[in-house]
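Engineer: Those protein sequences? They're chains A, B and C, same order as listed.
FYI, the UniProt record's numbering numbers position 352 of the first sequence as 352, with every residue one higher than the one before it.
FYI, the UniProt record's numbering numbers position 204 of the second sequence as 204, with every residue one higher than the one before it.
FYI, the UniProt record's numbering numbers position 213 of the third sequence as 213, with every residue one higher than the one before it.
Just so you know, these hints were derived from the structure itself, not from any lab.
Every value quoted in this text rests on a predicted model; they were computed, and no experiment measured them.
Do not take every clue at face value.
Said to hold, decoys possible - Straight line, CA to CA, 27 Å or less: simulated DSS-like cross-link-like pairs of lysine-lysine:
1. B:97 with B:223
2. C:166 with C:132
3. B:199 with B:175
4. C:142 with C:81
5. B:97 with B:64
6. B:27 with C:518
7. A:232 with B:134
8. A:53 with A:194
9. B:134 with B:115
10. B:115 with B:199
11. B:80 with B:115
12. B:80 with C:518
13. B:64 with B:80
14. B:199 with A:232
15. B:80 with B:122
16. A:232 with B:117
17. A:232 with B:97
18. C:166 with C:223
19. A:232 with B:122
20. B:127 with A:232
21. B:27 with A:232
22. B:62 with C:518
23. B:80 with B:175
24. C:142 with B:64
25. B:117 with B:127
26. B:175 with A:232
27. B:134 with B:122
28. B:223 with B:134
29. B:64 with B:134
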Amino acid sequence: MIARFLLQNMDRRAGIFLAILLALAVLVPAANLLLPASSPFHVPTSTLALWGKYLCYALLAVSLDLVWGYCGILSLGHGAFFALGGYAMGLYLMRQIGTRGVYGNPVLPDFMVFLNWQELPWYWWGFSSFPFAMLMVLLVPGLLAFVFGWFAFRSRVTGVYLSIITQALTYALLLAFFRNDMGFGGNNGLTDFKDILGFNVQAQATRAALFSMTCVMLAAGFLIARGIVVSKLGKVVIAVRDAESRTRFLGYRVDRFKLFVFTVSACMAGVAGALYVPQVGIINPSEFAPANSIETVIWVAVGGRGTLVGAALGAVVVNGAKTMFTSGFMAPYWLFALGGLFVVVTLFLPKGILGTAEALWRRRRKPETMPAAEPAPAE
Amino acid sequence: MNAPVPGALTSSLLYLDGVSVSFDGFKAIRGLSLTIEPDEMRAIIGPNGAGKTTMMDIITGKTKPDVGTVMFGGTVDLTKLDEAAIANLGIGRKFQKPTVFDSHTIEDNILLALKSKRTVGKTLFWKTEEPQQKRIDDILGIIRLADRRDRLAGSLSHGQKQWLEIGMLLAQDPKLLLVDEPAAGMTDGETAQTAVLLKEIARDHSVIVVEHDMGFIRELGVKVTVLHEGSVLAEGPLDHVSANERVVEVYLGR
Amino acid sequence: MSFLHRLKHALVILVALVAASVASIAQTTDEAFKRLAADSYSDTSRAIEMLVASAHPNAAQIVEALGDGRLLAGPSDVVVKTTAGGFVDARTGQALGAAPDGLKPVRLNNAVRRAVQAALGGLGLLNPDPAKRIAAAEAVFKSRDAGLLPVVEAAIGRETDPPALKALRQAQAAILIARPDAQPLDRLAAVEVLYERGDQDALATLRALPGDATPALREAQAKAIAAIEGRLRLWAIVQNLWYGLSLGSVLLLAAIGLAITFGVMGVINMAHGEMVMLGAYTTFVVQELIRANAPGLFDWSLAIALPAAFIVAGAVGIAIERGVIRFLYGRPLETLLATWGISLILQQAVRTAFGPTNREVGAPAFMSGAFELGGLAITYNRLWIIVFAALVFAALLAILKLTPMGLQMRAVTQNRRMASAMGIRTGRIDALTFGLGSGVAGLAGVALSQIDNVSPNLGQSYIIDSFMVVVFGGVGNLWGTLVGAMTLGVANKLLEPYAGAVLGKIALLVCIILFIQKRPRGLFALKGRAVEA
Numbered sequence: 001m002i003a004r005f006l007l008q009n010m011d012r013r014a015g016i017f018l019a020i021l022l023a024l025a026v027l028v029p030a031a032n033l034l035l036p037a038s039s040p041f042h043v044p045t046s047t048l049a050l051w052g053k054y055l056c057y058a059l060l061a062v063s064l065d066l067v068w069g070y071c072g073i074l075s076l077g078h079g080a081f082f083a084l085g086g087y088a089m090g091l092y093l094m095r096q097i098g099t100r101g102v103y104g105n106p107v108l109p110d111f112m113v114f115l116n117w118q119e120l121p122w123y124w125w126g127f128s129s130f131p132f133a134m135l136m137v138l139l140v141p142g143l144l145a146f147v148f149g150w151f152a153f154r155s156r157v158t159g160v161y162l163s164i165i166t167q168a169l170t171y172a173l174l175l176a177f178f179r180n181d182m183g184f185g186g187n188n189g190l191t192d193f194k195d196i197l198g199f200n201v202q203a204q205a206t207r208a209a210l211f212s213m214t215c216v217m218l219a220a221g222f223l224i225a226r227g228i229v230v231s232k233l234g235k236v237v238i239a240v241r242d243a244e245s246r247t248r249f250l251g252y253r254v255d256r257f258k259l260f261v262f263t264v265s266a267c268m269a270g271v272a273g274a275l276y277v278p279q280v281g282i283i284n285p286s287e288f289a290p291a292n293s294i295e296t297v298i299w300v301a302v303g304g305r306g307t308l309v310g311a312a313l314g315a316v317v318v319n320g321a322k323t324m325f326t327s328g329f330m331a332p333y334w335l336f337a338l339g340g341l342f343v344v345v346t347l348f349l350p351k352g353i354l355g356t357a358e359a360l361w362r363r364r365r366k367p368e369t370m371p372a373a374e375p376a377p378a379e
Numbered sequence: 001m002n003a004p005v006p007g008a009l010t011s012s013l014l015y016l017d018g019v020s021v022s023f024d025g026f027k028a029i030r031g032l033s034l035t036i037e038p039d040e041m042r043a044i045i046g047p048n049g050a051g052k053t054t055m056m057d058i059i060t061g062k063t064k065p066d067v068g069t070v071m072f073g074g075t076v077d078l079t080k081l082d083e084a085a086i087a088n089l090g091i092g093r094k095f096q097k098p099t100v101f102d103s104h105t106i107e108d109n110i111l112l113a114l115k116s117k118r119t120v121g122k123t124l125f126w127k128t129e130e131p132q133q134k135r136i137d138d139i140l141g142i143i144r145l146a147d148r149r150d151r152l153a154g155s156l157s158h159g160q161k162q163w164l165e166i167g168m169l170l171a172q173d174p175k176l177l178l179v180d181e182p183a184a185g186m187t188d189g190e191t192a193q194t195a196v197l198l199k200e201i202a203r204d205h206s207v208i209v210v211e212h213d214m215g216f217i218r219e220l221g222v223k224v225t226v227l228h229e230g231s232v233l234a235e236g237p238l239d240h241v242s243a244n245e246r247v248v249e250v251y252l253g254r
Numbered sequence: 001m002s003f004l005h006r007l008k009h010a011l012v013i014l015v016a017l018v019a020a021s022v023a024s025i026a027q028t029t030d031e032a033f034k035r036l037a038a039d040s041y042s043d044t045s046r047a048i049e050m051l052v053a054s055a056h057p058n059a060a061q062i063v064e065a066l067g068d069g070r071l072l073a074g075p076s077d078v079v080v081k082t083t084a085g086g087f088v089d090a091r092t093g094q095a096l097g098a099a100p101d102g103l104k105p106v107r108l109n110n111a112v113r114r115a116v117q118a119a120l121g122g123l124g125l126l127n128p129d130p131a132k133r134i135a136a137a138e139a140v141f142k143s144r145d146a147g148l149l150p151v152v153e154a155a156i157g158r159e160t161d162p163p164a165l166k167a168l169r170q171a172q173a174a175i176l177i178a179r180p181d182a183q184p185l186d187r188l189a190a191v192e193v194l195y196e197r198g199d200q201d202a203l204a205t206l207r208a209l210p211g212d213a214t215p216a217l218r219e220a221q222a223k224a225i226a227a228i229e230g231r232l233r234l235w236a237i238v239q240n241l242w243y244g245l246s247l248g249s250v251l252l253l254a255a256i257g258l259a260i261t262f263g264v265m266g267v268i269n270m271a272h273g274e275m276v277m278l279g280a281y282t283t284f285v286v287q288e289l290i291r292a293n294a295p296g297l298f299d300w301s302l303a304i305a306l307p308a309a310f311i312v313a314g315a316v317g318i319a320i321e322r323g324v325i326r327f328l329y330g331r332p333l334e335t336l337l338a339t340w341g342i343s344l345i346l347q348q349a350v351r352t353a354f355g356p357t358n359r360e361v362g363a364p365a366f367m368s369g370a371f372e373l374g375g376l377a378i379t380y381n382r383l384w385i386i387v388f389a390a391l392v393f394a395a396l397l398a399i400l401k402l403t404p405m406g407l408q409m410r411a412v413t414q415n416r417r418m419a420s421a422m423g424i425r426t427g428r429i430d431a432l433t434f435g436l437g438s439g440v441a442g443l444a445g446v447a448l449s450q451i452d453n454v455s456p457n458l459g460q461s462y463i464i465d466s467f468m469v470v471v472f473g474g475v476g477n478l479w480g481t482l483v484g485a486m487t488l489g490v491a492n493k494l495l496e497p498y499a500g501a502v503l504g505k506i507a508l509l510v511c512i513i514l515f516i517q518k519r520p521r522g523l524f525a526l527k528g529r530a531v532e533a
């Protein structure tokens, strides 16, 4: 049943996307590990790390597209779920350091020793176990999204109001995680990781494996999101996006559908964060910054919301551009470019790259036949 | 008619008594009472601001009345339920302005309306079975959109959207249909066809039709309730109410 | 050493005071000046005591100069070298063109320095200016220097000015309460005096009661401490309310422009904070221009900056509305994103033009300083900002209620299509409304430049709070914004002492998030069918 769910109505675009991901998962690590540095096809470890980061962002973008593109919920707090997943992974990685910290304390991480903490806070318990940590990667963002969404959707907070309170949510978490007595390393966050599952996180092979894993998880996330949006539930959710009260008069409990999609999306964002942390080697409260969440929105908008593949594409394109921009003499102008991107995309490219290309493609063939998930003009 | 008839609580499908609601001091509905029997079709007319749409809002749970009783099937208090619960009880609504799901195909619009369990789990793993597909095909035939089933609903004309919405009502298979201005924006031919379709539906459903078009109401040939300033002004066959002086005054005079 | 030493000096001064009433001033000063010229430390110390006793009008100046090594003495003249470098005859106070020949600076050792210190303290208590006497008494109160008790008591005997007398009595009480050899009744009376004073210093003095105290004294002390603490707690609450009011008015300033653009046009302007920032930078530029061209006008710089900031921010606002937002009406989420992009561009533009660091915006004279009201410390800049916020609020209310433009704006708010059908040019109203909202944000920037760092990130720190205010207060209602801002400001400051600044803020955010669930349209929401359309 799960296979049928994931593979129903498989179309060519999704197939190509999955094939590319799987090819990346195999070929890039191989080109990194097996080919000599002199080979023209050799992928340097820095590139591998960079692309690993992009693909984490892509998964975050896919999760956001699921709620924004299909359900019309513009979450300005998805960075919070990403960061919470990242912290859950960070907690595990911190516990793996053991006595190799600066202070050599077998139980307490360095920052706790520094702050004169005597014992591990209860919410750190269990994170030395990888399966437990992975469960928390899903559970913590999922639970937060569930509780938050349960309140918000039940009382029919919609549109910009919802956007603003999701932003307030991530802002509140930002403030909270900055505090030292939260027990998550305060300002500096969690870093100096050593091992993941016994492998050195810095080692080339580990990095390659993490990259492959990211590709696989992005593919899995994409399949789940796609499975949801092409199912009848997906049709309901699109109906909610376009005409919420009409859907209610058909007898659908709109709040529950939103809650389901929002929670799944938050879990997915959490996984993206968990993959991100070992690859960049740090997680700190700045990941909660409202600006990050809004930037994620623009990835989705650039790629084309309501297309899933477009969201992933947008994340890679925008972040690739950011890397190019900020590493050269153009660095001071990056914010101009990013700001301009927000304006240009909303004004001239509301369907994003993929949506626009698709519309052009379809116009050339037969008009108005495909059940497309076109973004609604208003929420 | 204002006094509740003893026993009506059990035999009427819909029972409104003494319902009032106000928005910021403006009384949209005042002391409205109305009963609809099973399989009855009722036409509701009244000038703008008479409270027709607000009455539908109250029945479908969009608006909560300040006071008054709203019972369905003699046992269920509709004022305690939300829109989704009321819809699932078997009350379907067609809006004044046709609202279909523009970015879904016509077939998917019907599928979404099709009577089925509305839970998250059931919809997530939904598979359209043979009888359900047949029902969809039938409805598409009735509303004459079978050949356009793969088109996006947003591409339909106004009249076609009205029909699609009636088709969605049919797919819901409710006990009571609330139909708000079904003939608005239709050609004469379409209007006549709509009247035939509604009469067909009324054979085994209760229907409340709100309409301005007197010709259309005449074609339906059913009992008419005239609303004015939020309460019932007159009730009876069309000829009877149109002879009523007060009704003439409200519609034409002052 | 110091206690006995000071006691000795004090007694000498006391004796001298008594002596002063009999001996003629001229005689003693002559004698003192002679001793100063003798170039012996003991003579110098004696001379100081005599000067104090003489109550010579220049005594304080002379002793001070002596302490600084600015006193020159010779057989016939004693001259004070002023800090500015001139010379003054010590006896007459007349300015001299140059120092007479044969004068030598009077030398100091530690004993002389101590004598100078004690004399200055005592002289302060006897200073002809009551304000100086109060300040001296205050200094004695804080030092609780038992050696000065006789001087204090003598001064009390001579004192006629009621406030100065009160200060002297408090100083006396502060010394007495700690003296085991004082009369028990005097010590009890001292507790009473301290209780009446009732501030943190009184509390500290009361707490410093030595272990020798009798049970009765202890009891009185405990009671006084409890009473003072209660009073101080009350004042602390009042003070926090004041801070809350101040924060509330800052929030009001930052949010009220947003309330206009969001309320009237339904436009979420994420670049609103940057309008505030532009206002603050306009203030900076205006001040720089004034400093360079007309320094005398500096106290007027804020008054000049206000219209400038309004025009700059308003013009940028209109440009944004005409250039971007008007194409996005009816698409609030897209507007949100586009204006966020604009905010990034504006931030970076300011960063490029003015640099990423904080810019110094000066405060005109009337904005600096503070005064006390009961137990309340009120700084002038906070006070003026509250006044300013109230003025801006009243002005906006008047514009909306009384002007034709306000009428048209309200018409557009309530029913855009109808307003358009009535011949109102909704496009023009939109642009003007947006300009007004942005201009008000610019005004807020002028005010905020006085209390916050002027940096490119200034706006970012206010945008979320401003949204909270507007959403909490309810859209499209200025009174709602006022209540929202004041509630959040006061709640924030009242929570702070218990939860700390950050936790308090988090708690407040969570409360608002929960509140919005309860009342999705805010405190003062419009009702009816039109709102849902």
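Engineer: Assess, step by step, whether the Cα of residue 166 of chain C is no farther than 27 Å from the Cα of residue 223 of chain C, and give holds or violated.
Structural biologist: holds (22 Å)
Engineer: Hinted pair, alpha-carbon criterion (27 Å max): residue 80 of chain B, residue 115 of chain B. Please report holds or violated.
Structural biologist: holds (23 Å)
Engineer: Within 27 Å, alpha carbon to alpha carbon, are residue 80 of chain B and residue 175 of chain B?
Structural biologist: Roughly 19 Å separates the two Cα atoms, so the pair holds.
Engineer: Given the hinted pair residue 223 of chain B and residue 134 of chain B, is their Cα-Cα distance within 27 Å?
Structural biologist: violated (34 Å)
Engineer: What's the verdict on residue 199 of chain B and residue 232 of chain A, does the C-alpha distance respect the 27 Å limit or exceed it?
Structural biologist: Judged against 27 Å, a Cα distance of about 32 Å means the pair is violated.
Engineer: Compare the distance between the alpha carbons of residue 232 of chain A and residue 134 of chain B with 27 Å, and conclude whether the hinted pair is satisfied.
Structural biologist: Roughly 17 Å between the alpha carbons, so the hint for residue 232 of chain A and residue 134 of chain B holds.
Engineer: Would you mind confirming whether the straight-line C-alpha gap from residue 127 of chain B to residue 232 of chain A stays at or under 27 Å?
Structural biologist: At roughly 8 Å apart (the allowed maximum being 27 Å), residue 232 of chain A and residue 127 of chain B satisfy the hint.
Engineer: For the pair supplied as a hint, residue 64 of chain B and residue 80 of chain B, confirm whether the alpha-carbon distance does not exceed 27 Å.
Structural biologist: holds (9 Å)
Engineer: Would you mind confirming whether the straight-line C-alpha gap from residue 80 of chain B to residue 518 of chain C stays at or under 27 Å?
Structural biologist: holds (18 Å)
Engineer: Taken at face value, is the distance from the CA of residue 232 of chain A to the CA of residue 27 of chain B at most 27 Å?
Structural biologist: violated (41 Å)
Engineer: For the pair supplied as a hint, residue 97 of chain B and residue 64 of chain B, confirm whether the alpha-carbon distance does not exceed 27 Å.
Structural biologist: The given pair, whose Cα atoms are some 22 Å apart, holds under the 27 Å limit.
Engineer: Is the Cα-Cα distance between residue 142 of chain C and residue 81 of chain C 27 Å or less?
Structural biologist: violated (32 Å)
In terms of the numbered hints stated before, the structure departs from hints 4, 14, 21, 24, 28 and 29, listed from lowest to highest.
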